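Protein chains: 2
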Amino acid sequence: MSGCHRLKLLQSHLVSKFPVSDHDSSLAEYLSRSQEIDKTTVAEVYFGSFYPKIVELRNKMCSSPLFDHTEDVELSREPLRQKIIEQLGFLYTSNQLTYDIDMKDPAKKSEFLYCLGEYCQMTSTRFVVHITLYLDTIQNLGTQKHRNSIDRAYCLKDYGSFAMTELGHGSNVAGLETTATYDHKTREFIINSPRPTSAKWLIGAVGKTANMTSLFAKLIVDGVDKGVHAFVIPIRDYETHQPLPGVILGDCGKKIYLDGVDNGFLIFNDYRVPYDCLLDRLSQITTDGKFKSSIKNKEKRLGIMLGGLIRGRIAVVNGSEVCMRHSLTIALRFAAIKKQFSKQNGPEIPILDYQTQQYRLIPHLAKMFGIKSCGIFLMEEFKNVRSKTFDDPECNELAEYHSILSAMKNISSSFAVAATQECREATGGMGFQAYSRLNSHRNMSDVHTTWEGDNTVLIQQAGKFIFKQVQRAFKGIKITAPSLSYLTLDLDQVKSFKVDFSTEEELYNEKLLIELMEYRVNWLLHQSIAKLQENGPKFDDMFDAWNNTQVHYLQDLGKSYGECIIAKQLLKLVNGVLEKNQMTGAVIKKLFYLFVLERVEKNSGLYLENAFNGSQIRLVKDAEVNLCRELAKDSLHIIDAIAAPDKILGSAIGNADGQMYSNIIKAVEASKRVYDPPTWLPILKQVRNAIELK
Amino acid sequence: MSGCHRLKLLQSHLVSKFPVSDHDSSLAEYLSRSQEIDKTTVAEVYFGSFYPKIVELRNKMCSSPLFDHTEDVELSREPLRQKIIEQLGFLYTSNQLTYDIDMKDPAKKSEFLYCLGEYCQMTSTRFVVHITLYLDTIQNLGTQKHRNSIDRAYCLKDYGSFAMTELGHGSNVAGLETTATYDHKTREFIINSPRPTSAKWLIGAVGKTANMTSLFAKLIVDGVDKGVHAFVIPIRDYETHQPLPGVILGDCGKKIYLDGVDNGFLIFNDYRVPYDCLLDRLSQITTDGKFKSSIKNKEKRLGIMLGGLIRGRIAVVNGSEVCMRHSLTIALRFAAIKKQFSKQNGPEIPILDYQTQQYRLIPHLAKMFGIKSCGIFLMEEFKNVRSKTFDDPECNELAEYHSILSAMKNISSSFAVAATQECREATGGMGFQAYSRLNSHRNMSDVHTTWEGDNTVLIQQAGKFIFKQVQRAFKGIKITAPSLSYLTLDLDQVKSFKVDFSTEEELYNEKLLIELMEYRVNWLLHQSIAKLQENGPKFDDMFDAWNNTQVHYLQDLGKSYGECIIAKQLLKLVNGVLEKNQMTGAVIKKLFYLFVLERVEKNSGLYLENAFNGSQIRLVKDAEVNLCRELAKDSLHIIDAIAAPDKILGSAIGNADGQMYSNIIKAVEASKRVYDPPTWLPILKQVRNAIELK
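Sequence order for the protein chains is A and B.
Note that the first sequence covers residues 1 to 694 in UniProt numbering.
Note that the second sequence covers residues 1 to 694 in UniProt numbering.
Chain A extracted, bound-state conformation (with noise of 0.2 angstroms):
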């Protein structure tokens, strides 16, 4: 506890006015209810390869006086963004990485990145936009000459950003509007911003930060427009900082969260760039002024140009995994101490023994649970795929990665905005207060819905990518999308699925459970070939087939893909604890069983059509419910284990001490004004005065 934090709270015991308050014993009466779990053994298992760096940062922060929830609360946009930098600048100085680092393992960035998020989101975002946006984007597109870049750029010499999405454009990355016309006579490029809608809007860091821009444009060469290319470029003057001439650049201003990230606008004017400006490891120029490159087609070549979306995409992945956890840690705990309605002039109840309230929180730690694991599995993969990738940009193996992503993209990020609001809710009005901090969890899933790809959109290319496997696998070539190895294409064969169980009891049966899942994807597989097939005549083209077979069938399928994939990523995460510990891996197994269960339930008319009876859906709904009732009493043990410490946590009501109506006292009593009258007190008698009483 640093000195200054130590003197506030004594100031603030001493100048309380409220009644002075007894220890709450109501968390550790809820926590002795049921065994200790191995907790050691969920953090090494949940946070797997990034656990001692946690441990590492989470130790450096709470130690550091740079780290304070309880300031950042009313900090305005400025001086937010100030303590954010200097926040990064401690972390990174004993952390710092590097090219050959990187090389090394992939996972580096993002376990710094992770640890980061688990203070603050808007200090993590800062430095992916940076260190992933940014720099992967020169790494992979960029040749020898761009090294010093890369380095500059690790030793944060360079501040980098990720000039993509335009006013006009975010999606549709194809259309952007933003010129780089290739000027031979000089070997220069000339950048410019047609209209309004061609400006860089909503880029992080360029607002006030960056001096450096990965700018995505429509490369222009003999008045032929060769798609868009990746350039590295200065924006602003290194020493002066001030834009540099032909480059208008200015902040976005105020956002629904996310202030402390500088987010702008860049136009460019006849701004000129010298032709090592271009990451041309893809496409050149040659000497003699013609364009060539070593991918042909255009949408393809821009496809592997995103590419340094990769680990922005987990990011969000991880980043929904961090905002659940922390709104869950605060959510569960309230529910623990917080008491309402007692029968029979008993104690009252803690509300976490409602039914209602089970079923409102336990789903998602289910949830949480499965992404965590999918953010593992996304790393490990990511290890594979980017050597691969390297040497055959056009590979399968990249293909299926970026189908599981884009789906693992869209279900994290939704997931955790239904949970994070659900949490909201299930605090009532203390979790309306600022103090609580849930709004940052709540808000910073709702952005991860929208960068890096916007869900809806995303979702569609899982679907892509199991249509063209489907369509290799009628034209007899196999499958050998692992991901994808269940596919059926036998429609009577997926329709004579039926399902024998007739107690709760033996729906515990991970086998069931996956094939449950597996089920789901290819029932939706046919009943959107089917569609696809009834849309097709009745459509002009397959553009319009396709868009218009995507609700209840492509949107649904590619969520089911991602879902199953999260079931069996879930079912590996548990059984890495059971093997190290029964006890506790029969409580963590259940998360499991309630994933599966969950998601069947969510969708019972797939099930109640073919697969299942009305007996065997009350069957689920019975499971569920009772998982959530099991669960709940070991649900806070299993938040101890991966919660992050208070201070990094810095919710008045979800610390673990369990002391969350002092907490609360103490946040508001230390807050601005609290005891003042209004400043605005002259106009409240004008109005007391404004009408006569008769």
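Rather than coming from a laboratory, the hints here were simulated on the basis of the structure.
As the structure is a prediction and not an experimental result, all values here were calculated from the model.
One or more of the hints may lead you astray.
If chains are identical, the list can't say which one is meant, so a pair holds when it fits in one copy or spans any two.
In silico BS3-like cross-links for lysine-lysine, where the CA-CA straight-line distance does not exceed 27 angstroms [to be verified]:
# : residue 1 : residue 2
1 : LYS498    : LYS589
2 : LYS60     : LYS633
3 : LYS538    : LYS590
4 : LYS694    : LYS145
5 : LYS633    : LYS580
6 : LYS602    : LYS495
7 : LYS39     : LYS464
Could you slot chain B onto chain A? The hints should help.
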């Protein structure tokens, strides 16, 4: 347009660094695709009796410089609070209410609040607290001697608050800890907050404004707890505005939203108030110190004492509709203007033409019409119920009204949370900018789920009411509650319900659709009865059995009951339009079809178990998607009929003129420090120099 605002616009135009914008005709083009509808008819039916006042107050607000969202967006707490009080004073002075007006027409308060809330629900919330929660409590529970307090409140001489919720108790009002101990010697009450958790918490207007409060406290007479009673008491000195001796009060500080409302806390320390502060219509203490009450049952008495919440809950229903309407206005216009992707190098396509975007938005439009129709219904019914309640506080009509209102408060706020979140996501990055104002509507919907009775607790009230009626019916007493006239006690009859349709067209049948909604209630009722019978012997007592039959059963039953009422009221509303204009009515009627079909689709498991087969559910899905497509093209006309004027909407991306891009640029360029270098440039340079470049 105020002079100041005009100057700002002019200035921004002169100093803009952006390329010059062409006029954007996208929205006009979208509108021109379909026939105009009769907007006046739609508005008149939609707003019902409130319509003239809405037009009047919209004009008043539009012509006053006090109402300007572009200024509000950067205001900090205290200036915002000042502005809200000014706005309130300005509008109320020319729309003053009195006790007599309210007695004659109980819609007048809600009408004024609705109009205020169109501009900003911080402003209306401020006034809900005073004019309904505070004042209705006195009107309902006070006697002739309290008339002066009533008149003072209507003249804003007093500003009131509603001190019910405590830090430790919200939903369980019977568990409140604040005590009012009767002292017969002085015929006073001594008010105390024994523990920190007894502090009145998050009480609107207590932080800075209120000099009075309606206090809910346990009445202690002769050492005996007589249950929670209501008092009207002063809390601040009228002249100095300082807390009165024995009262401690302060501001609850920063919230997720609503910082313009000064929610505060209130602690009492042997605070003595005279006997007449007791609102003594139902309970009195005789001059010889004996407690008596006309309602013997404590629980019933408390229920009646909470009558002051009724108009607060109506305000939630109305407020939810406003949140949905503003958000959909913004998101639909955005979707007509924003273009993305094209086929074969054709022109880019407005995103509202995509099935996915239609399905994201249009069902919420149908739900919004449903909520509005129920707002009208609740207002009309309140007129009847209130007069009956004055004579007989225990009348059946009140019990039914309470159950409908409880369900509606839950459903409207849940619908609004979902709709506003979807609109936020559906507007991408621009929707994440504060200038979209989508955040206000989302946050406002969010708090609507919590206050005026937590949603999860409230929906149980509806289930309880239904079960009470059923219990009576099993005893042979006819169900007289109009909202339950269709209940079928015979399970076989429910099970025999089969739906006869085999084409999409057959689904557009209002009788069939209403039957589907009723069937769902009956089905869930019988499922709940069976589950309760199963749970009875499993649990210790009915308290536990009831609480463990909530998820999938009683909670769903309550919601299905509420949604069935919505469907019926919506049908009445759309038929009201049809009567006045066939062509327009035919368009609006699709909203009714969509409302029901979407509900059926989302509960497909329920229908598939007994009523439907798989082909039928696919027809429902087809119809749903087709209705979304057809309505999408008319949706902009519908929105134009009911949308608030641009100045009241205050969204840079939702203006009726369709100039979304130039408006957001204007908003950004007008924001603070847009073109300034960071105030923290030295820190940035320090971070740059922390690591050496090798």
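Intra- versus inter-copy proximity for LYS495 and LYS602 (alpha-carbon distance at most 27 angstroms): both (20 angstroms within a copy, 23 angstroms between copies)
Homomeric proximity label, LYS498 with LYS589: Cα distance no greater than 27 angstroms: within (25 angstroms within a copy, 41 angstroms between copies)
How would you classify LYS538 and LYS590 at a CA-CA limit of 27 angstroms: within, between, both, or neither? Between copies, since 23 angstroms is at most 27 angstroms while 47 angstroms is not.
Please work out whether the CA atoms of LYS633 and LYS580 approach to 27 angstroms or closer within one copy, between two copies, in both situations, or in neither? Classified as within; 22 angstroms inside a copy, 59 angstroms across copies.
Between LYS60 and LYS633, at a C-alpha cutoff of 27 angstroms, which is it: within one copy, between copies, both, or neither? neither (32 angstroms within a copy, 56 angstroms between copies)
With identical chains, the pair LYS694 and LYS145 could be close in the same copy or across copies; at 27 angstroms between alpha carbons, which is it: within, between, both, or neither? The answer is between: 16 angstroms across copies meets 27 angstroms, while 85 angstroms in one copy does not.
Same-copy or cross-copy closeness of LYS39 to LYS464 [CA-CA at most 27 angstroms]: neither (41 angstroms within a copy, 42 angstroms between copies)
This entry does not satisfy hints 2 and 7, going by the numbered hints stated previously.
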